[in-house]
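*Asks:* Sequence:
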Amino acid sequence: MMLVRTPQDIGALLRERRQKAGLDQAELARRVGVSRQWLVEVERGKPRAEIGLVLRALNVLDIPLEVGTPRYATGVADTPGIDIDAIVDAARKPR
8 MMLVRTPQDI GALLRERRQK AGLDQAELAR RVGVSRQWLV EVERGKPRAE IGLVLRALNV
68 LDIPLEVGTP RYATGVADTP GIDIDAIVDA ARKPR
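Residue numbers are given in our numbering: position 38 of the sequence shown equals residue 45, and the series is strictly consecutive.
Hints are computed from structural coordinates only; laboratory data are not their basis. Hints may be right or wrong, so weigh each one.
[As the list claims (entries may be wrong)] No farther apart than 20 Å at their CA atoms in a straight line, the calculated lysine to any residue pairs in the SDA-like style are these:
id: 1; residue 1: Lys27; residue 2: Arg43
id: 2; residue 1: Lys27; residue 2: Pro71
id: 3; residue 1: Lys53; residue 2: Leu68
id: 4; residue 1: Lys53; residue 2: Val41
id: 5; residue 1: Lys53; residue 2: Arg37
id: 6; residue 1: Lys27; residue 2: Arg37
id: 7; residue 1: Lys53; residue 2: Asn66
id: 8; residue 1: Lys53; residue 2: Pro14
id: 9; residue 1: Lys53; residue 2: Ser42
id: 10; residue 1: Lys53; residue 2: Thr76
id: 11; residue 1: Lys27; residue 2: Gly75
id: 12; residue 1: Lys27; residue 2: Thr76
id: 13; residue 1: Lys53; residue 2: Ile91
id: 14; residue 1: Lys27; residue 2: Val74
id: 15; residue 1: Lys53; residue 2: Asp31
id: 16; residue 1: Lys53; residue 2: Leu10
id: 17; residue 1: Lys53; residue 2: Arg24
id: 18; residue 1: Lys27; residue 2: Leu68
id: 19; residue 1: Lys53; residue 2: Ala97
id: 20; residue 1: Lys53; residue 2: Ile94
id: 21; residue 1: Lys27; residue 2: Arg55
id: 22; residue 1: Lys53; residue 2: Arg43
id: 23; residue 1: Lys27; residue 2: Pro54
id: 24; residue 1: Lys27; residue 2: Leu65
id: 25; residue 1: Lys53; residue 2: Leu20
id: 26; residue 1: Lys27; residue 2: Ile70
id: 27; residue 1: Lys53; residue 2: Thr13
id: 28; residue 1: Lys27; residue 2: Asp69
id: 29; residue 1: Lys27; residue 2: Asp16
id: 30; residue 1: Lys27; residue 2: Glu57
id: 31; residue 1: Lys27; residue 2: Met9
id: 32; residue 1: Lys53; residue 2: Val11
id: 33; residue 1: Lys53; residue 2: Arg63
[Claimed, not checked] Label-pair distances were calculated between CB atoms; the ranges are:
id: 34; residue 1: Ala19; residue 2: Ala93; range: 22 to 28 Å
id: 35; residue 1: Leu72; residue 2: Ala93; range: 14 to 20 Å
id: 36; residue 1: Asp96; residue 2: Leu62; range: 19 to 25 Å
id: 37; residue 1: Arg99; residue 2: Ala19; range: 15 to 21 Å
id: 38; residue 1: Thr76; residue 2: Arg51; range: 50 to 56 Å
id: 39; residue 1: Ala98; residue 2: Val11; range: 57 to 63 Å
Don't be surprised by glycine CBs; every beta carbon is placed ideally from N, CA and C.
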């Protein structure tokens with residue numbers, strides 16, 4: 008699985024998978040329903056490509072899209088849950 012962070016990453020992924028599928032830019036563009044020039048720009052990392060068309064291109068190439076929160080983003084994923092009731096109960100008990 009490839010981590011995609013930039014428009015250039017998406018373009019590189021599309022180009023790689025298009026080439027592996029044996030498609031030229033004109034054929035992929037036809038299947039997606041866009042111009043060859045649009046595909047050229049996206050493969051070069053065009054930052055303002057229409058998301059719906061990008062998703063359609065991913066779909067045509069059978070590239071699944073998974074979205075998630077990286078563990079390092081929140082710091083919560085590796086932290087066990089805190090039971091505040093247990094903490095309060097423990098503080099109230101006489102020693």
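*Asks:* For the pair supplied as a hint, Lys27 and Arg37, confirm whether the alpha-carbon distance does not exceed 20 Å.
*Replies:* 17 Å, holds
*Asks:* Would you mind confirming whether the straight-line C-alpha gap from Lys53 to Leu20 stays at or under 20 Å?
*Replies:* Given that 20 Å is the threshold and the Cα spacing comes to 13 Å, the pair holds.
*Asks:* For the pair supplied as a hint, Lys53 and Leu10, is the alpha-carbon distance within the 20 Å limit?
*Replies:* Cα-Cα ~18 Å, so holds.
*Asks:* Within 20 Å, alpha carbon to alpha carbon, are Lys27 and Pro54?
*Replies:* 24 Å, violated
*Asks:* Is the Cα-Cα distance between Lys53 and Arg37 20 Å or less?
*Replies:* 19 Å, holds
*Asks:* Does Asp69 sit within 20 Å of Lys27, going by the straight-line distance between their CA atoms?
*Replies:* OK: Lys27 and Asp69 at ~12 Å, within 20 Å.
*Asks:* Below or equal to 20 Å on CA atoms is what counts here, so check Lys27 against Arg55.
*Replies:* 25 Å, violated
*Asks:* Given a hinted range of 22 to 28 Å, is it respected by the beta-carbon distance of Ala19 and Ala93?
*Replies:* 50 Å, violated
*Asks:* Is the straight-line distance between the alpha-carbon of Lys53 and that of Leu68 20 Å or less?
*Replies:* With Cα atoms ~19 Å apart, Lys53 and Leu68 stay inside 20 Å; holds.
*Asks:* With a cut-off of 20 Å on the C-alpha distance, tell me whether Lys53 and Thr76 pass.
*Replies:* Status violated; Cα separation ~25 Å.
*Asks:* Check whether the Cα positions of Lys27 and Met9 lie no farther apart than 20 Å.
*Replies:* Holds, at roughly 16 Å.
*Asks:* Does the hinted range 57 to 63 Å hold for Ala98 and Val11 at CB?
*Replies:* 47 Å, violated
Checked against the numbered hints above, the structure breaks hints 10, 11, 12, 13, 14, 19, 20, 21, 23, 30, 34, 35, 36, 37, 38 and 39 and satisfies the rest.
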